[in-house]
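Enquirer: Chains as they are written, first to last, in the numbering used here: chain U, 97 to 253; chain V, 23 to 205.
In case anyone wonders, no lab produced these hints; they're calculated from the structure. Be aware that one or more of the hints could be misleading.
[As the list claims (entries may be wrong)] So the derived label-pair ranges between C-beta atoms look like this:
| hint | chain 1 | residue 1 | chain 2 | residue 2 | range |
| --- | --- | --- | --- | --- | --- |
| 1 | U | Lys181 | V | Gly185 | 46 to 54 Å |
| 2 | U | Ala195 | V | Phe94 | 35 to 43 Å |
| 3 | V | Gly203 | U | Arg209 | 47 to 55 Å |
| 4 | U | Glu236 | V | Glu56 | 36 to 44 Å |
| 5 | U | Leu187 | V | Gly203 | 41 to 49 Å |
| 6 | V | Gln119 | U | Gln130 | 16 to 24 Å |
| 7 | V | Ser98 | U | Ala195 | 39 to 47 Å |
| 8 | U | Arg105 | V | Asp47 | 54 to 62 Å |
| 9 | U | Leu180 | V | Ser101 | 48 to 56 Å |
| 10 | V | Asp181 | U | Ile107 | 21 to 29 Å |
Just so it is clear, CB atoms sit at the ideal spot from N, CA and C, and this is done for glycine as well.
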Amino acid sequence: MSKQDRLTRQINELAREKTPQRDLWQGVEHAITQGSTKVETNWRPQLAIAASLLLVVLVGYMGYQSGINTQSSIIAEQMSEQYLKQREELLVSFQDKPATTENWQQQLDDLDRAAAAIKSALQEDPKNPALLHMLKQVYEQQLKLIERVHAPSWQKI
Amino acid sequence: MNLVTPMEIQECNEDSLIASARAGDVSAFKTIYELHINRVYGLCLRLCADKSLAEDAAQEVFIQLWNKLDNFDGKSKFSTWLHSVTSNVTISYIRKQRGWWQRMFDIEASDIDERSADLITDLSDLEKMIYRLPERARWVFVLHAIEGYRHEQIAETLDIAVGTSKVQFHRARTMIEEWMGNE
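Take these sequences, add in the hints, and give me the full structure.
Expert: Here's what the structure looks like:
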């Protein structure tokens, strides 16, 4: 039997149905009876993150206005310190909760490498606001990742 | 005398369930869910290649289905329409869940999928190979070879050119046949 025939046979024999391991109805029912997919959220950490990011952006803006040559690297350092603090706090708050994705650490490491590359580029081009913006986005993405894998919306239902 | 077939009875019953669910009957909708969840989840799992993501996507499908039931016009079988909703919602859900870095540079998640495939038990050899495929090639292969979509439909669902769908299918098929040869 040729490989093509074997593949066609295996496709035809493939079971179309799979049973999910957890009961999905509960989450569906909750969402449709509440009339919204919005879920309960602990706003305190998110408000803290938002306030911190606002502060970082404000500091960044003021630094940009002042025209100091080293402004971007200083802001980047402040941003990194702030981010690491927030990340540590988030990881501590989620330490007893299992992660829903096995490879989240890998994703976090990938983003760490991205942040390091952007910081390195900022040293070469400290006046580039686009790089600063990218760094901020990478940090925000990492915080979101940590939150998402430890508190996915359907577990909160 | 025309005998009513069990299939016709089921379809008739399903029509009344859909009508009740449209009117807001959650228990009728639960019956629809129970009738279709395994088929919907099966498609979600093959598209996501990740158990946890597939479960979340399947929930999203039924939540959106609740709001979209009025869009079902009865011209096709309900199951056919539901599979179309499933593939659209799942692809959209996967894209939303991607990391910023992946979205920014449009990176395919093939290496992630390969690891995920090893973590899902009870897979046939073909399923393991499907989960190892690069993301877009896997989507096209699942929709065309397994679900029977035409390339035009796939192009619309994935927002790609018809030619791209054909190329991705060829790529997927070639990779799987090569892996089969190495077994």
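Enquirer: Failing hints, ascending?
Expert: 3 and 8
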